[in-house]
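Novice: Model the full assembly from the supplied sequences, consistent with the hints where possible.
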Amino acid sequence: MSSMIKKIGIAVILLGLLGGGYYYYQKSKTKTPEQLYRLQEISKGDVARSVSANGTLNPVTLISVGTQVSGRVSKLYVDFNDRVEKDQVLLELDDALFTAQIAQSTGNVGNAEASVELAQANERRTRSLLAQEYVSKQELDQSVQALKSARAQLDTARGQLRRDQTNLSYSIIRSPVSGVVVDRVVDVGQTVAASFQTPTLIKIAQDLAKMQISSSFAEADIGNIQVGQAVKFSVDAYPNRNFEGVVKELRLNPTVTSNVVTYNVVVSVDNPDKILLPGMTAYVSIVVAKRENVLLAPNAALRFKPKLDESQTASVAGKNGRDAGRGRGKKKPGAEDLSGGTIYIIKNGKLAPVRVTVGISDSRFTEITSDELKVNDQVIVGENQADESSASGSTMRFRMF
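Its first residue numbered 0, the sequence shown is counted upward by one per residue in numbering that gives the first Met the number 0.
None of these hints come from the bench; they were simulated from the model.
Be a bit skeptical, because a hint or two may be false.
Subject to a maximum C-alpha distance of 25 Å in a straight line, what follows is the list of computed PhoX-like cross-link-like pairs (lysine-lysine) [said to hold, decoys possible]:
#, residue 1, residue 2
1, K349, K373
2, K85, K74
3, K136, K147
4, K289, K273
5, K209, K247
6, K346, K43
7, K202, K85
8, K304, K373
9, K209, K85
10, K273, K209
11, K304, K346
12, K273, K202
Pair by pair, the computed Cβ-Cβ distance ranges are [to be verified]:
#, residue 1, residue 2, range
13, T356, I12, 51 to 61 Å
14, A192, T55, 27 to 37 Å
15, T356, D272, 43 to 53 Å
16, N80, S267, 16 to 26 Å
17, G188, N241, 45 to 55 Å
18, S127, G65, 55 to 65 Å
19, A102, R123, 26 to 36 Å
C-beta: ideal position from N, C-alpha, C; glycine also.
Specialist: In structure tokens form, the structure reads like this:
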């Protein structure tokens, strides 16, 4: 008796599973295309295509202030972010050595002047004696030559003195321009050496109200960029704010990294509030093409590819071929070479492909041209997965039972 009850129970469960499966199978078969697919309308409006790249904000003029003489930094008058004026003293080097050299050169000049005075006296005396025929002409020539040599040595000593005085003036580092100190690489007590190259001590941005972006664009995009084009960019410091600029320069020198060729595009930026700082990363976008008042299809509609059986696939392929042939016949010489695409609509309760000519695109919409589509027409952008998930969940509940 108990085994009979178990058999009846198993039979009831099997019948329930079969009935539930049949129910959901029939339900899925009777779904309309509107229930199976997600739809979106064709619209009309403007679309723009842009190219993007990353770049770095820099001052238009960045001066690296160095030193032409070696020495130890004895005084430092400026620090980071300080505003400086032209010819303002920035720092001083220890001038003890330069002062000693000037003293030595001054003494050398005095000796040379004394030598010149002695040579002049000898030359006058020799001339007088020659007139009285007490000396020969050769002795006069020697006196004249000694005077010239003494004068040359005096010029050399004076030149050395001027050089030492110049070196002393070089020990006082002044700002060549008015601007803002953006970097300082020395401290008081540090020794700088200018033996082989001029060391950089301080960097000054001449005017932070005018900035520029150095950005690298791929060679595939550089042909669409021209001087004077408007630029929009953002920075991480102000993620909710867009800034504007203008393409200032396209530099012809390429940069090759791992066989990827890029070109430097310089963007001029106004920074009246001075909130953009040197070194910030800028995310640059340049509009290279724009269409106004055109038909717009969602990008998802052009990406959608339905799952078709063999007969549906053949039907779609034949229609696409006919539409493509008509499109080629209509193309005029010199017309813009636009690519084609396929959009699916629901027509008479079935999926129907529509061949369209595709223009420019942005992140959401694509410009299309079609004789069959108009504003507010519904196009398929994807499959509706909600009911499938529900059915799957229901099946799982049956299995648990």
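Novice: Which of the listed hints are broken here?
Specialist: Hint 4 is the one this structure does not satisfy, whereas the remaining hints hold.
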